[in-house]
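So the sequence lines, in the order shown, correspond to chains A and B. If you read the first sequence in full-length UniProt numbering, its first letter stands for residue 1, the second for the next number, and so on. If you read the second sequence in full-length UniProt numbering, its first letter stands for residue 1, the second for the next number, and so on.
Be aware that a few hints might be false.
Treat identical chains as interchangeable: a pair holds within one or across any two.
Heads up, simulated DMTMM-like pairs for lysine to aspartate or glutamate below, C-alpha to C-alpha not over 20 Å straight-line [stated by the list, open to error]: (1) K499 - D248; (2) K289 - D329; (3) K289 - D251; (4) K42 - D226; (5) K373 - E284; (6) K289 - D85; (7) K373 - D243; (8) K289 - D368; (9) K499 - D120; (10) K128 - E623; (11) K42 - E249; (12) K128 - E622; (13) K373 - D543; (14) K128 - E627; (15) K289 - E262; (16) K289 - E249; (17) K289 - D543.
Hints are computed from structural coordinates only; laboratory data are not their basis.
If you want the building blocks of each chain, they are given just below.
Protein chains: 2
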Amino acid sequence: MRPGSRPRRMRGTSAGSGPGLPFAALCHMRRKNTMTDRQRLKELGQQLRVDAVRAADAAGSGHPTSSMSAADLMAVLASDHLRYDFDEPSHSGNDHLILSKGHASPLLYALYKACGAISDEELLRYRKLGSPLEGHPTPRLPWVDVATGSLGQGLPIGAGVALAGASLDRLPYRVWVLCGDSELAEGSVWEAMEYAGQAGLANLTAVLDINRLGQRGPTRHGWDLDAYRRRVEAFGWHTVEVDGHDVDEIDAAYRRAREEAERPTAIIARTVKGAGVSAVADQEGAHGKPLADAERAVSELGGRRDLRIDVALPDSGGVRQRPGGSRVDLPTYAVGGEEATRDAFGRAVAALGDARPDTVVLDGEVADSTRAKFFVDQHPDRFFEFYIAEQQMIAAAVGLQVRGWTPYAATFAAFLARAYDFVRMAAVSRADINLVGSHAGVSIGEDGPSQMGLEDIAALRAVHNSVVLHPCDANSAARLTAGMAEHDGVSYLRTLRGKTPVVYGPDEGFEIGGSKVLRSSASDRVTVVAAGATVHEALAAADALAGEGIGVRVIDAYSIKPVDAPRLRAAAEETGRIVTVEDHWPEGGLGDAVLDVFADTRSTPRTMKLAVTGMPGSATPEEQRREAGIDAGAVEAAVRGILRQEHEPAAAGS
Amino acid sequence: MRPGSRPRRMRGTSAGSGPGLPFAALCHMRRKNTMTDRQRLKELGQQLRVDAVRAADAAGSGHPTSSMSAADLMAVLASDHLRYDFDEPSHSGNDHLILSKGHASPLLYALYKACGAISDEELLRYRKLGSPLEGHPTPRLPWVDVATGSLGQGLPIGAGVALAGASLDRLPYRVWVLCGDSELAEGSVWEAMEYAGQAGLANLTAVLDINRLGQRGPTRHGWDLDAYRRRVEAFGWHTVEVDGHDVDEIDAAYRRAREEAERPTAIIARTVKGAGVSAVADQEGAHGKPLADAERAVSELGGRRDLRIDVALPDSGGVRQRPGGSRVDLPTYAVGGEEATRDAFGRAVAALGDARPDTVVLDGEVADSTRAKFFVDQHPDRFFEFYIAEQQMIAAAVGLQVRGWTPYAATFAAFLARAYDFVRMAAVSRADINLVGSHAGVSIGEDGPSQMGLEDIAALRAVHNSVVLHPCDANSAARLTAGMAEHDGVSYLRTLRGKTPVVYGPDEGFEIGGSKVLRSSASDRVTVVAAGATVHEALAAADALAGEGIGVRVIDAYSIKPVDAPRLRAAAEETGRIVTVEDHWPEGGLGDAVLDVFADTRSTPRTMKLAVTGMPGSATPEEQRREAGIDAGAVEAAVRGILRQEHEPAAAGS
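Excised from the complex, chain A in its bound form:
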């Protein structure tokens, strides 16, 4: 999501439902309020419970009891500690409130209503077709930074936002993350505890809603608040234990969090799931369903209220501007030379850092291998080390783009699998992140299968609105490294460990969705489609076959998603036969991307797919490609085979 790209009011609002009260009116209403602050906060907590119960009841589904445990925590936060301009979600001084326990969305939406951001009518369209008030929050609402609902992601993402505040934006906004107790079992939470603790992110506060009950029963530690305190403190955090329903204790805890200057703070709050309604309070079996008798619950909670929260405005910053960029002076390589595409990426992202001040690079302690190290040499202030914690690395990338930074997160292609759920959720967050996976395929050689990215194309293609790029030479890798910054969404660049010949001139252009024809003649009888290392195998095969008068077209499909359908269709029309060759498993890779082009069309070429089918061991890169049947010899045999087919009778059923 680009800064400033969000409307001031939520999108997708159903026709007829109003935008809620304007801000002035809210302030006015609050001045009329005569209750003491303590009374008012308690009443507000009850209102949030009432509205959470009503929303889930209207929807016929949802998590009211998970909302009720944290209602007082959120009421005090929004009333007295949060700084946020609901009329200007992209205000650079806004605090960030991340609902890591995303299933408690009724609480968040009830809070938005109390803040005047949405109307009661909008609240009651919760979970309905077309409503942006989804079962779990997404940035379809302008006040939601990131999608949550896959537990254990809010805190690592919040750490990324807090990192931006402390090290890049240099603004005093705070990041507040509401976590459930069940999700503290996720390792990603401890990656975040370790990262934020060591980075000393004092602008980050985790509010731990310890309500004792998970989805199917008691949590591991129940109400043993000390169990959580010991763990969190061991990771260098400041902790405060509170009764999560005592507004004075909660208020004091938030003050202590704001006063703490050296460390992030965890507020460990003892709460009651379903608090306020005797039928469900601290009861098992009440998770994730509306209350059986909502009307009775609302009356037990004291009935409906219409208190409004006058959220404090940020006292610094302004409307965020996208940092401007100058022309990128990319590295260039001479045709005929040799270079690894991972090196070209490293040099290119370093050059991008010169031209674009919004470029940041994230590492999983392999920057020397991915070549992200070239960026750290030139821009140490915009390079962030997450050590071997890929989930925190990707989460931080998502957090940084929330603040308008353009992140490149790089590790081995194989190890992106460690953070796959974070990439999946980044797409739901409409996040704009750039991923780089080095050491693709069997071509890495001796290190063996644990280090080989062989499923990465399939996994990254199956991410909504993603782009998958796999250049075969240094100049194309450099161009695409810069180009992916222009794509909104999840972009993935797959790079090679070994050197490959430079086949493109420095001035050649490379577009997302494009391809290049490297061999072509009027007499081509077969088209070989390749990407990355296999492009060079295809070229060798084509040149050998040309010597025998067999014309073979070679297409470098460096953009695997979107793939260059028009060019592939034209090649199919002209040559009639296609061989695909990739350094990847046969499922979901380049070959399937090419076959997909010919789904939903009238004419389909004869095709043959070459990919890695057996589990590799250790061997040289050349031996690996030969063993896998994706080298020049295998391409040559495939071309001969597909040409031979038409002279044979069709086998039954084939």
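Keeping the supplied structure of chain A fixed, place chain B upon it in accordance with the hints.
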């Protein structure tokens, strides 16, 4: 890997290289040894360093310095504490040694040589084509339980093996896991610390090789052993800090670990990376490469030695037998009724638990949703709760199958993405695990995209030797739940949240690789291929079209990998046109599996793919399928469209 399935000597050994010395000879050699134990252990540590240096030197790659830091730790373990019969790797009493820092493979192989399991010739074929001594260890070697090399996996897997020892096998074997310090940044390590700490797995010992240096520089905590101690103790572990090069301290630490009866032990060892060779000792930039002057290093280490370790044999247990099973009495459902496939899975796996005593079920705190809860009701002793820690859940499944148990690990299909790297590595481990993902696709309805498995088919298909099953009714789900236990490798069952009509009789058979034809006539002009929820949409469309005299064949492709190629080819021959419809992203799912059948063949049908293309929000299941264009109306329109095509002129390039 089934118990007893391993040869007594390593596989894939290159011709001419011997099996190493027989056991009796080793014992004999040791009796001749006149050094004191202390001298001998120090010499042994130097020998392991020498052989690690030689192996990496011969290979021209590898990680000798990472091996050298842990050489003394391993020398003392193997000599005086490990209980293992190298002649009988599947002996039920064997300890388990897991090299979590898999890049230190030269150390492991040097240890195998010292134990007489491999010869020096075999050691020097390290990383060569055909050698089972791969860059990172895999079970191609019979003494290796699981593949390592993706860091942070050894400890969670070891916790699974230790769980088997403590709760299922009830045998006194111990699990020893050697971890690097860099990998302690992985959240999965802390999932394991939490799990093993709370489970009180006293039979598990983590040896933390704190050598201060990672791949690209100093680790986060360097030699601050207390930083590790505080964290590990907070998670309930017993800890011992030692000088990792003092054999007496190391020996005492192992004794304390064996004496500790209540908690797992972490031995936190201060070590020097590259210890013993001044050119690389504690030097940055020496990671992951052979030593520049191996000969000089070997002489500095005191030259070659040929000490042998007389590893103590297990004092209990015997050759492991696969527990026998009786006939499975699966639940059955009446045709015409309705049931959710997730419920059928739950009932079926519970029935499987009655028939097969090796069946175990693992949960990520969603057993009420996945319906694994039916198993816990009947077999609480073989049900294991991992709370919301999917990586630990899958790792434990891998650990349990090491011991011959047959695990079913179940969570939401979407959340398997959290453990994708563990599934990837399970395939490299040749592990035999069963995964179950519930809440597939947009059909879950209101909860929204964070909870929808929409990439799971693509991700699981792209796992080596995997099986992907997606039944549409309760009887087929029950049969396939039992059937997947028979497949060696990673098997995946995708289940539905909502009820679907029962369309198959209780006696119908379902095979991995099979399919069912649900509608068929001599006049069929189009074949619709569906799976799961979309089968019922396809049937509704076919029945509507049949009313208009348009014959539509409907195939239930419940086995998506392997897909039923013969039946699809026959349908293509007979109907000429195929429409695929799936509740999944368009990339890497059912549609691509079907298109792949027609790659590499001579005749290809006209095809049209229906899948989820837009990012869903909240809505009812029916609204979701309609919005996504995968409901009966969309199938009907697709059939009409593909039939209309042939009456239109082919568009240019299409």
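For each hint, the structure was consulted:
1. K499 - D248: neither (64 Å within a copy, 48 Å between copies)
2. K289 - D329: Neither: 56 Å inside a copy, 34 Å across copies.
3. K289 - D251: neither (30 Å within a copy, 55 Å between copies)
4. K42 - D226: neither (26 Å within a copy, 44 Å between copies)
5. K373 - E284: between (51 Å within a copy, 15 Å between copies)
6. K289 - D85: Result: close neither inside a copy nor across copies, 33 Å intra and 54 Å inter.
7. K373 - D243: neither (47 Å within a copy, 33 Å between copies)
8. K289 - D368: Intra 50 Å, inter 13 Å, cutoff 20 Å: inter-copy only.
9. K499 - D120: This pair counts as neither: shortest intra-copy Cα distance 61 Å, inter-copy 33 Å.
10. K128 - E623: between (57 Å within a copy, 10 Å between copies)
11. K42 - E249: within (12 Å within a copy, 59 Å between copies)
12. K128 - E622: between (56 Å within a copy, 12 Å between copies)
13. K373 - D543: Neither: 37 Å inside a chain and 61 Å across chains, both beyond 20 Å.
14. K128 - E627: Answer is between: at 13 Å across copies they meet the 20 Å cutoff, but 54 Å inside does not.
15. K289 - E262: Cα proximity of K289 and E262: none, with 41 Å in one copy and 40 Å across.
16. K289 - E249: neither (30 Å within a copy, 56 Å between copies)
17. K289 - D543: neither (66 Å within a copy, 36 Å between copies)
Consistency with the previously given hints fails for numbers 1, 2, 3, 4, 6, 7, 9, 13, 15, 16 and 17, ordered from lowest to highest.
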